[in-house]
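Participant: Okay, here's what each chain looks like letter by letter:
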Amino acid sequence: MAAQTNAPISYRPAGTLDASGALAPYAGPWNRRLAAHLLRRAGFGGSPADVDRFAAMSPRDAVDSLVRFSDAGPLPARPALEDPPVPPRGLYRGFLAGMAADDATAEARKAFQMQRNQNRRRNLISMQTWWLQRMIASQSPLQEKMTLFWHGHFTSSPEKGTSAQELLMQNQLFREYALGNVRDLTLHVSQDPAMLRYLDNNVNAKAHPNENYARELMELFTLGIGNYTEQDIRESARAFTGWTFRLSPDGTGNFIDNKAQHDDGTKTFLGQTGNFSGTDIVNIIFRQPASSRWFAKKLLAFFVYMDPEPQLIDQVAALIRKNDFEMKPVMATLLHSNVFFSERAYRALVKSPVEFVVGTHQLFGINEVAPVELATMRQMGQMLFYPPNVKGWDGGVAWVNSQTILTRENFANGVAKSPKMMDAAAWIVPAMRSMDPRGVAKTLTEAMLQGDVSPASVAQLVTYLGGSGQTELAQLSMENVDERVRNAAYLTMAMPAYQLA
Amino acid sequence: MKRTGFLLGALSGLAVVANNDTIFSQALAQTALPGLPGGSDRILVVINFQGGNDGLNTVVPFGMSDYYRYRPSLGIAQNEVLRIDDTFGLNPVLAPFKKMYDGGNVAIVHGVGYPDPDHSHFRSTEIWQTAQPKSYESTGWLGRYLDDAGLPKANLFNAVAISNVLPELLISKSTDVPAIDALASYGLRSDKTKGNSEAFHEFVRDTTVPFRSPFLAQVAEIEDHAQRGAQELPKLIAGYQQQATYPATPLGRSLALAAQIVGSKLGTRVLYVQHGSFDTHVTQKQTQNRLLADFANAIAAFYQDLAAHGNDKRVLTMTFSEFGRRAAENASRGTDHGEAAPVFMIGGGVKGGLYGRHPDLGQLNAGNLAFTTDFRSVYATVLERWLGRPSAAIVGGGYTPLPTLLA
Numbered sequence: 001m002a003a004q005t006n007a008p009i010s011y012r013p014a015g016t017l018d019a020s021g022a023l024a025p026y027a028g029p030w031n032r033r034l035a036a037h038l039l040r041r042a043g044f045g046g047s048p049a050d051v052d053r054f055a056a057m058s059p060r061d062a063v064d065s066l067v068r069f070s071d072a073g074p075l076p077a078r079p080a081l082e083d084p085p086v087p088p089r090g091l092y093r094g095f096l097a098g099m100a101a102d103d104a105t106a107e108a109r110k111a112f113q114m115q116r117n118q119n120r121r122r123n124l125i126s127m128q129t130w131w132l133q134r135m136i137a138s139q140s141p142l143q144e145k146m147t148l149f150w151h152g153h154f155t156s157s158p159e160k161g162t163s164a165q166e167l168l169m170q171n172q173l174f175r176e177y178a179l180g181n182v183r184d185l186t187l188h189v190s191q192d193p194a195m196l197r198y199l200d201n202n203v204n205a206k207a208h209p210n211e212n213y214a215r216e217l218m219e220l221f222t223l224g225i226g227n228y229t230e231q232d233i234r235e236s237a238r239a240f241t242g243w244t245f246r247l248s249p250d251g252t253g254n255f256i257d258n259k260a261q262h263d264d265g266t267k268t269f270l271g272q273t274g275n276f277s278g279t280d281i282v283n284i285i286f287r288q289p290a291s292s293r294w295f296a297k298k299l300l301a302f303f304v305y306m307d308p309e310p311q312l313i314d315q316v317a318a319l320i321r322k323n324d325f326e327m328k329p330v331m332a333t334l335l336h337s338n339v340f341f342s343e344r345a346y347r348a349l350v351k352s353p354v355e356f357v358v359g360t361h362q363l364f365g366i367n368e369v370a371p372v373e374l375a376t377m378r379q380m381g382q383m384l385f386y387p388p389n390v391k392g393w394d395g396g397v398a399w400v401n402s403q404t405i406l407t408r409e410n411f412a413n414g415v416a417k418s419p420k421m422m423d424a425a426a427w428i429v430p431a432m433r434s435m436d437p438r439g440v441a442k443t444l445t446e447a448m449l450q451g452d453v454s455p456a457s458v459a460q461l462v463t464y465l466g467g468s469g470q471t472e473l474a475q476l477s478m479e480n481v482d483e484r485v486r487n488a489a490y491l492t493m494a495m496p497a498y499q500l501a
Numbered sequence: 001m002k003r004t005g006f007l008l009g010a011l012s013g014l015a016v017v018a019n020n021d022t023i024f025s026q027a028l029a030q031t032a033l034p035g036l037p038g039g040s041d042r043i044l045v046v047i048n049f050q051g052g053n054d055g056l057n058t059v060v061p062f063g064m065s066d067y068y069r070y071r072p073s074l075g076i077a078q079n080e081v082l083r084i085d086d087t088f089g090l091n092p093v094l095a096p097f098k099k100m101y102d103g104g105n106v107a108i109v110h111g112v113g114y115p116d117p118d119h120s121h122f123r124s125t126e127i128w129q130t131a132q133p134k135s136y137e138s139t140g141w142l143g144r145y146l147d148d149a150g151l152p153k154a155n156l157f158n159a160v161a162i163s164n165v166l167p168e169l170l171i172s173k174s175t176d177v178p179a180i181d182a183l184a185s186y187g188l189r190s191d192k193t194k195g196n197s198e199a200f201h202e203f204v205r206d207t208t209v210p211f212r213s214p215f216l217a218q219v220a221e222i223e224d225h226a227q228r229g230a231q232e233l234p235k236l237i238a239g240y241q242q243q244a245t246y247p248a249t250p251l252g253r254s255l256a257l258a259a260q261i262v263g264s265k266l267g268t269r270v271l272y273v274q275h276g277s278f279d280t281h282v283t284q285k286q287t288q289n290r291l292l293a294d295f296a297n298a299i300a301a302f303y304q305d306l307a308a309h310g311n312d313k314r315v316l317t318m319t320f321s322e323f324g325r326r327a328a329e330n331a332s333r334g335t336d337h338g339e340a341a342p343v344f345m346i347g348g349g350v351k352g353g354l355y356g357r358h359p360d361l362g363q364l365n366a367g368n369l370a371f372t373t374d375f376r377s378v379y380a381t382v383l384e385r386w387l388g389r390p391s392a393a394i395v396g397g398g399y400t401p402l403p404t405l406l407a
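Residue numbers (the numbering used here), protein chains in the order written: chain A, 1 to 501; chain B, 1 to 407.
Keep in mind that the hints were calculated from the coordinates and are not lab data. Heads up, some of the hints might be wrong.
Claimed, not checked - Derived pair list, reagent style EDC-like, types lysine to aspartate or glutamate, alpha-carbon separation capped at 20 Å:
hint: 1; chain 1: B; residue 1: Lys134; chain 2: A; residue 2: Asp482
hint: 2; chain 1: B; residue 1: Lys134; chain 2: B; residue 2: Glu168
hint: 3; chain 1: A; residue 1: Lys420; chain 2: A; residue 2: Glu343
hint: 4; chain 1: B; residue 1: Lys134; chain 2: A; residue 2: Glu159
hint: 5; chain 1: B; residue 1: Lys194; chain 2: A; residue 2: Asp482
hint: 6; chain 1: A; residue 1: Lys391; chain 2: A; residue 2: Glu230
hint: 7; chain 1: A; residue 1: Lys417; chain 2: B; residue 2: Asp191
hint: 8; chain 1: A; residue 1: Lys110; chain 2: B; residue 2: Asp279
hint: 9; chain 1: A; residue 1: Lys160; chain 2: B; residue 2: Asp116
hint: 10; chain 1: A; residue 1: Lys160; chain 2: B; residue 2: Asp191
hint: 11; chain 1: A; residue 1: Lys206; chain 2: A; residue 2: Asp257
hint: 12; chain 1: A; residue 1: Lys297; chain 2: A; residue 2: Asp263
hint: 13; chain 1: B; residue 1: Lys99; chain 2: B; residue 2: Asp116
hint: 14; chain 1: A; residue 1: Lys206; chain 2: A; residue 2: Asp263
hint: 15; chain 1: A; residue 1: Lys298; chain 2: A; residue 2: Glu216
hint: 16; chain 1: B; residue 1: Lys194; chain 2: B; residue 2: Asp224
hint: 17; chain 1: A; residue 1: Lys160; chain 2: B; residue 2: Glu202
hint: 18; chain 1: A; residue 1: Lys442; chain 2: B; residue 2: Asp224
hint: 19; chain 1: A; residue 1: Lys391; chain 2: B; residue 2: Glu168
hint: 20; chain 1: B; residue 1: Lys235; chain 2: B; residue 2: Asp191
Sequences and hints are given; from them, build the entire structure.
Facilitator: Right, dumping it as structure tokens:
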């Protein structure tokens, strides 16, 4: 294929990487600003009280508390999913024989398919709502953040008819391995029903090898283009033949290694020759230096900054190898590092719609997610359990255009005006009774932006709140203070800094 | 499958140029449009037939006997089709569109598709929009056109998507394209609150914040564009007098807004409109006929409206769908996901007629119509002959049409 136009624009932060000690523990000043940075990256932002709590710890204790997961606290119950409907007997008999249906059969089939599609839609809504609420409420935000990371990395979606039950099972796998061993996770993913279906390994048989999974495993999941050949894809696809699943009545699937469909001939893969199985392929891949670099780059772009320097990638890759692909010590080091807390990494990422929505809920203490928010998130460009393609979400500048920004601002406006907001956000209540525009502006910009605001914008906010200056607003009074503070909270969320993680 | 066209493209640019010549040498009229130096005033409207439109029941090959063999219940009888010639005719619900065809303003390109087609709605839509079947491209083909065309940076409306989500085909590196579902919902709700609008305006211009971010300037600029665009557009297009009766459907409303934007001379070069869903697995006839009738009525009204303002020659409309459908109907009186399908090019000095070669119904590609024209050849023609930009950097090399097409 011909090369595409234009060299990519880099969103690497300005300035130079201080490579010596980039991964050494950060020992600089510690404050609310950096505690909030840690919470935005390792979680979704948290409430002002969460930020205070983290600011009161040492950086080491803060990071330790994030990498130690707990199931404490009320978490939303797992979604009750509707079973796939059972097709009426004989519905597909004529279909399989290639016969045209009579009207009654066509109608029955249509009714069945409508029921099936309706169940799928309902299940997707249940699952998205459940996961968002879990992200909001979880006492282990990094567990949910890593689950989101793996969801965007080892992508599967309902596109191939994958059931909600299968996707939920995959989601639990990501959560279980959130900070586990990536090699083990990759092996489990290779045997996961949602993945087997999404990338067609369920039809990868000895007589007709299907290369889809083998290709994406190397191109997008573990190595990256340039670190394998087309021949390696063909050979490894043979090693994965027969890996499929059997459907359970509850809609989930169980992995089976179908020996009858497995090609047990000799394969040559990445320079090694043997009668390889899928497990052998995964093990060989993880012995390539390119695999640790691939995960290093993806982790840095998701947690630190985009387009990281090759030097930094190499350092994180060495850390990954030293820990034999165990993510817990890797993330504990990365989140505590000098480069993570450097000014270059600070607000150097764009919040994803999930981060924007979940973080806003946490800020105001609103735990419920309304169905309309799911549609709103789609307009923002992100649907959970529905990544756009096998590459996952691009992130960064792809999140922001006029359309998504209008949707984000209108969402923030809706939250600020919601009656739930004042009930739930204790920190804002005094502001809503205050007649001191300056104090209110400080409360809002500290709680929402940790003071990342210019004096000019603070002055503008004070002017707005007080109703003085050139605005046509009435003076601040008991009659208008509630509405005025809500609008000011919205305006603070509308500042560009609030879009940045 | 038949990959001849693609392989030729890979091996020899000349072979494909020759191929393009036979397909497109007459597709677009060769006369320069008066008063349009360098085509700078030309507009492209793209209509996305979402869900995969069945080409065989849109442009009906009634003269091919295999057609009725594959379509025992869905086939459209010879005496019902709107005849184009002895082999092809249009679906009878397309009557207003047939009138435009008879007026010489519609080109139909047969069998458009790409090698190794994907049958997933998402992925195939993405392939058509990014013009990149082999990898995952983050910009759309018209987004790359916008990056490449050097349009005035200050114009917020170089392109407009009339849709609730910005389509991938208009995602660009440096041009922020507004997506407008309907004028009523396009805007900041808070702008209706006193004082908010001004404060917002100041915040997005204030980048003297106490931190640096590689994204700050861009986010601030997009926020500014979003607000100003939403405030200005209704005023800019308010003076337009609609001169046609559009169907009261989403497509009718979208094309009415498109005509209004064209007629208000905002410097818009590309408009995107969507229509559907054509995903007719079950009892196809009812759904497809409704959607095609709506299309025919809306597009006829659109060109009537454009013509009344002298804009019909400035506007080229192109349709596409992520795939056609399988040749054989299924047992539910519907059709499943297929491959090649026709593309329409309308107005804009198009020289009407049938172009390309219809897929051979006797030689299917595993039950599907094998493509005869690569969709990137269609894009290259639009880019080079209508928008006046070289296509190689936008859709890849090897799809360049000959320079004797539209000046």
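Participant: For each hint, tell me whether it holds in the structure or not.
Facilitator: Against the structure, the hints come out as follows:
no.	hint	in the structure
1	Lys134(B) to Asp482(A)	violated (55 Å)
2	Lys134(B) to Glu168(B)	holds (16 Å)
3	Lys420(A) to Glu343(A)	violated (36 Å)
4	Lys134(B) to Glu159(A)	holds (19 Å)
5	Lys194(B) to Asp482(A)	holds (15 Å)
6	Lys391(A) to Glu230(A)	holds (19 Å)
7	Lys417(A) to Asp191(B)	holds (14 Å)
8	Lys110(A) to Asp279(B)	holds (13 Å)
9	Lys160(A) to Asp116(B)	holds (18 Å)
10	Lys160(A) to Asp191(B)	violated (42 Å)
11	Lys206(A) to Asp257(A)	holds (12 Å)
12	Lys297(A) to Asp263(A)	violated (34 Å)
13	Lys99(B) to Asp116(B)	violated (36 Å)
14	Lys206(A) to Asp263(A)	holds (5 Å)
15	Lys298(A) to Glu216(A)	holds (15 Å)
16	Lys194(B) to Asp224(B)	holds (18 Å)
17	Lys160(A) to Glu202(B)	violated (47 Å)
18	Lys442(A) to Asp224(B)	violated (24 Å)
19	Lys391(A) to Glu168(B)	holds (15 Å)
20	Lys235(B) to Asp191(B)	holds (15 Å)
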